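Q: Letter by letter, the chains look like this.
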Amino acid sequence: MKRLFSSKLWIAFVILAIFISGQLLGAFAIKHYFIESKIEELQPPLTLIGEEVAKGDKISRTDDFLVKAFDVHGKEMDVYTDEGVPSSDNAKVNKKLASYLPKIISGKMAVEIHEVPGYSKRAIIIGQPIVHNGKVTGGIFLLKEARAYQAALDGFYLVFFVTLAIGTIIILAFLTVFIREKNELDQMRKDYVANISHELKTPLSSIKALTETLADHVVTDPEKIDQYYSIILRESARLEKLIADLLELSRLQHKKVAFDKSVVDTIEVIEEAVEPFAILADELDLQLQITERVKNLPETYSNKDRIIQVLTILLDNAFKFAPEQGRVVIDAKTTGKKAEIRVSDNGPGISKEILPHIFGRFTKEDLSHTSTGSGLGLSIAHEIMEQLGEKIRVESKGDSGTTFIITLRRA
Amino acid sequence: MKKSLCPIISMSLAAALLAGCSTDISEEALLESDGTVEVSETAQAKDIKKDSSEGVDASFIENQFLDIPYASLSEAQQLDIYLPNEGEGPFPVIVAIHGGGFKEGDKTGADLAPMLEGVNRGYAVVAVNYRLSQEAFFPAAISDVKAAIRYVKANAEEYNLNPDKIAAWGGSAGGHLAALAGTSGDSDALKGKNRENINYTSEVQAVVDWYGQIDFLKIDEQFADSGITPKLGERNAAGSPESKYMGRSLLEKIDEVKKANPESYITENDPAFLIQHGTADPNVPVQQSVNFAENLKAVLGEEQVELTLFEGAVHGGEPFTAEENLEEVFSFLDEKLK
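Order-wise, the sequence lines are chains A and B. In terms of this note's numbering, the first sequence has 232 at position 232, counting the first letter as 1, and numbering is strictly consecutive. In terms of this note's numbering, the second sequence has 150 at position 150, counting the first letter as 1, and numbering is strictly consecutive.
No lab work stands behind these hints: they were computed from the structure. A quick note: this is a predicted structure, and the numbers were derived from the prediction, not measured. Wrong hints could be hidden among the right ones.
[Stated by the list, open to error] Covered stretches of chain A, as calculated for chain B (at least 3 residues, CB under 8 Å):
(1) 104–113
(2) 133–142
[Claimed, not checked] Listed below are the simulated DSS-like cross-link pairs for lysine-lysine, each with C-alpha atoms no more than 30 Å apart in a straight line:
(3) A:K75 / B:K338
(4) A:K135 / B:K338
(5) A:K75 / B:K297
The C-beta atom is built at its ideal place from N, Cα and C for all residues, glycine as well.
Use the sequences and the hints to build the structure in full.
A: Dropping the structure here:
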């Protein structure tokens, strides 16, 4: 697939093939319908004339079309009452028509649009056998100039070329967008692998270094040894969390699990999610504020556990970025069919460059390895909300903190 | 997801175009091949086959002389003589030559029923067997037919036959042999190895050629021009009935094939011809007869050559054997032989 699309030649080939087949089929269809309509129009009079000629009668000349009759050996028979003006072209016309005789005699009616030298550049030729008492005595032809056919064909080519040009432009535009998007996706994937490797390597490196030091028995101070152990433990925990988050995200993205939805008491959900953070807030000396509007939130239709998971991620994030003695606010807003929950901190805010990528994988603003967390939290939150059919967005005004907003459908 | 967008767009575009025209194609196909004709074709073909396996009913004829050898090269060289129940001779003779693509058929085959009808109209009918292509190649078959005609002339008195009033009549391969015997009657060629009655000529006074092959080399080309799908495949190929008759694929024996073409022997002395052919014949193109008639007319004149093309008729069957047509054939023979 990839190789196929990288070859522009292939695309050009497809377009060319469509063009050629379209042109051929279109011209063929026009010819077919034209011939069909002409058969309908001209065959009855020809059959009548044929019957008269078979009986030996003659017909009067008309301007509408030319009638020519031949015996089975290709010798011309007089069909008109008047002599007509014998012209040098007559022989050419007869030669052309006589070439159809074997087909006509065999009962395969010939209808063709063809050049008839001496008559017209494009003429419709209808031929049928002259039959008298079940016996074929010759062939009779009706010739008529096919001007309408040429006009229809010209019209078709015009419309076809214009449509094709527009179509090609649209397809090319599609392709350009598609290729650009694909390249971006490729780049993202590469970045992701690089990031994830880096993230996994950092704690591993420190664990390895500390373990080596301990194994060498270089450090003898028990206090230091304890400290080393606690660092190893912390780093291991971080690694474990990172891998757990990766697996969670991977699971969410690969298996499009449909979450069961039910009517959820939104206030209860928020309280449940906030509870562990209330204790943490005291310890960290942060101010956790829940506004009055939260307490007026209506019931929503969603998945309780998942909303708690998302709120936990958002609160965790807010706590991480709130400065010392900072403030984390949980606010709400109710509009028409939707309820919004807003989690804000008064931390340093997020820079404009990073803001659009905040929900991507490993885009924790500074990827600060000092802080805990995998950097995948927001990605997981985004993925959950998307699968719930809800939205998550972020507002940040430079240095005046960040607000994450999730929407929930009202029950 | 988006990967598949482009091929889908292009394919649906192409599919839409195709769909727009697909109905046209099928309609065109229907228009070209007239279904009803083909059905009746196969039905008629089956009838012919069935008939020939059953054999002809000659029980109504009182005077029969069967399995008379007319030459000594092969068991196949025999003929049956049927004389009219009434009337006095000497009777004019119809030499009836069976068809079967040079490789099958027999003098008692059902395809000779129309000729045997002559017995009721005052003709003696001589049904001839000739060596088939499994036994011997060209010119064995034609030389046998000519030997049979000579035998009729030599023994005319014995069987109460009129040696100066002989017609050759055959269908398909029999038509070919009748036509060839007709045009080559005044020629010394094609006598083969048969030496019996060599002092007699094999001239005949009339020929009825029913859908016989004339110019083997043009069969393929004429089928292509006519738009009819040939039933027996390519005739220039080695396996075709004509190639087997010639002993090798036609293109390898062009000079020999020309010798087998009745047109090669057309002279002013040739007998009168009645040529009948079906316009939808899938075994022998109708153009064979059209061209042959034209060439004959050029030398013999319009009066001596009659060409009847039956609309939609195939290789044998109803329009040929119909009462009305037999009337026409016998009035032609009456005119030339009585």
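Q: If a hint holds in the structure, say so; if it doesn't, say that too.
A: We went through each hint and held it up to the structure:
1. 104–113: With 4 residues close enough to chain B, the hint holds.
2. 133–142: Since 4 is at least three, the answer is holds.
3. A:K75 / B:K338: violated (33 Å)
4. A:K135 / B:K338: holds (27 Å)
5. A:K75 / B:K297: Between A:K75 and B:K297 the Cα gap is close to 13 Å, so the pair holds against 30 Å.
Hint 3 alone, counting from the list given before, is not met by this structure.
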